[in-house]
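Here are the chains, one letter per residue:
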Amino acid sequence: MSAPFFQAEGISVQFGGLKAVDGVSFHVDKGEVFTIIGPNGAGKTTVFNIISRIYNPTAGRIMLEGQEVTKLPAHRIAGLGIARTFQNIELFEHATVLQNLLIGAHVHRTTNPLAEALFLPSVKRAEVALRERVEEVIDLLDLAVHRDAMVAGLPYGARKVVELGRALCTRPKLLLLDEPSSGLNVEETEDMAFWIEDITRDLGITVIMVEHDMTLVSRVSDRVMAMNQGRVLAMGQPAEVQRHPAVVEAYIGTPAAAAELERAAS
Amino acid sequence: MQFVQLVISGLAQGCIYGLIALGFVLIYKATETVNFAQGELLMIGGFAGLFAATTLGFPYWAVILVAMAVTAVIGFLNERIILRPILGQSAVAIVMVTIGFGYMARGLVTMIPVIGTDTHSLPVPFRGEVFRFAGLVISAEHIVIITVTILLCGALAALFRYTKIGIAMQAMSQNQLAAYYMGIPVKRLSSLIWAISAAVAAIAGILLAPLTFIHANMGFIGIKAFPAAVIGGFTSLPGAIVGGLIIGVVESLAGFYLMEGFKDAAPFMVVLAMLVLKPNGLFGERLAKKV
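In order, the protein sequences belong to chains X and S. Under our numbering, residues 8 to 273 are what the first sequence spells out, in order. Under our numbering, residues 207 to 497 are what the second sequence spells out, in order.
Simulated from the structure, these hints should not be mistaken for laboratory data. One or more of the hints may lead you astray.
[Unchecked claim] Sample of chain X residues lacking proximity to chain S, with all beta carbon distances greater than 12 angstroms (derived):
#1 Gln-14
#2 Glu-39
#3 Ala-122
#4 Glu-123
#5 Glu-194
[Stated by the list, open to error] With a Cα cut of at most 30 angstroms, we get these calculated DSS-like pairs of lysine-lysine:
#6 S:Lys-235 / S:Lys-393
#7 S:Lys-469 / S:Lys-484
#8 S:Lys-393 / X:Lys-78
#9 X:Lys-78 / S:Lys-370
#10 X:Lys-26 / S:Lys-393
Even glycine gets a Cβ: it sits at the ideal position worked out from N, Cα and C.
Bound-form chain X, shown alone (with noise of 0.2 angstroms):
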């Protein structure tokens, strides 16, 4: 049997006492959506800051197509083909649009400066290749507009898009999304289902996401899995997930401290 494409064996992470995510294992097929739900404090972001490393896991491994990535340091993980987004949107303010989408694209540029500074014709050709590719993703992404405005003067809803812009841009084997609803009114969160699922269909790009919004997680994913208290209490299709009975008992507590609820209540 040949490895799957992104796999993550018994990841442990500890912070002083608290075991914020315990040996939660799952593997994530190509070409695949994989949401990962569960209420606040879960551990969901965690999971995430360590298979992009900005957390060393305390236990266990992450493989990509079956090389080991638990150890390598957070800037080398975009040249291996893994992106992401931020909750709260983490992008170069005082650029412009298409200046962001290009410090994204120049990820596997590898010119020297000394060439860079001569303006030789290789450059020239990589420059033109990586713009051709950012204007691919203009296209898609419906950035036109706001190709050479600044960021800081963007809408949240815009910010949302070009920071997705910019990790395709990056082309992306793996692309990691944290809450891409989150801050979204109604017909943005649309447009983005629409864009996951072109980004998995049309790009083969392989999404691994945190997402709340159950709507959008119905629709785009293609397995969920819910995490409680740092570990893992369900996994497989949307539907099923949403009904298993720890995983609502997580979101809204047991039949018993509801009954609980309701007579403290009367």
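Chain X is fixed; fit chain S onto it per the hints.
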């Protein structure tokens, strides 16, 4: 005529302040740390140049390169060994460490027997030469300072605007977290920026040497370059140079036209006025929080 004369010597002195301020701003933009040992790096650069010129007998251009190389290595190691372990601690802790480094550097240099607390003069090929032009008398030292500063600023501007590494540095100064995921080796670039700003300080030291001699306390000039960075807004590289020029000219004019003692106080008065009228400096970013 006298006024123009004073402005020119002020501009030359201002270039020195500007170069030191450039070092403050480079490091601040990249790592949000203020390196108060910038003046001591200038002093170390001065002594490295002195060693190259007198003991090794190098020509002037090679003296500059040696001074730059020595200080760049010290700046790099400073970031790597002393600052990186305390990254994430409070800003005060980091500032104190840089001040401590400055004191140590000064103490260690004084302990070297041939240096001690003496002043030394750096032999330069253009010593004492003057140019007369339309009634002005301009010393060669001033011309060299202004020319080298212009060239250096041009080189830095080209680095930041046209090379991938320079653009990566800009990106990391705007958003470090995002920079990591664009494949930018943020930590390595931080060390490199410390090395670059140390090298810039060394150039300032070599340029300053013919005006003030080289001695263990020459790094105190950093205290006057700090207002230059503040006037420029602390986040702008051209601002640092402009701030330096303003401080230099104000100081030069105040020293001549005002009473004794105003020369040293004038830069700080300018800063006070600036902070009242335009708290973000001439070229500073407006830090308004969106709510």
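A quick look at each hint next to the structure:
no. : hint                  : result
1   : Gln-14                : holds, 21 angstroms
2   : Glu-39                : holds, 21 angstroms
3   : Ala-122               : violated, 10 angstroms
4   : Glu-123               : violated, 5 angstroms
5   : Glu-194               : holds, 22 angstroms
6   : S:Lys-235 / S:Lys-393 : holds, 14 angstroms
7   : S:Lys-469 / S:Lys-484 : holds, 23 angstroms
8   : S:Lys-393 / X:Lys-78  : holds, 16 angstroms
9   : X:Lys-78 / S:Lys-370  : holds, 26 angstroms
10  : X:Lys-26 / S:Lys-393  : holds, 28 angstroms
Hints 3, 4 from the earlier list are contradicted by this structure; the remaining hints agree with it.
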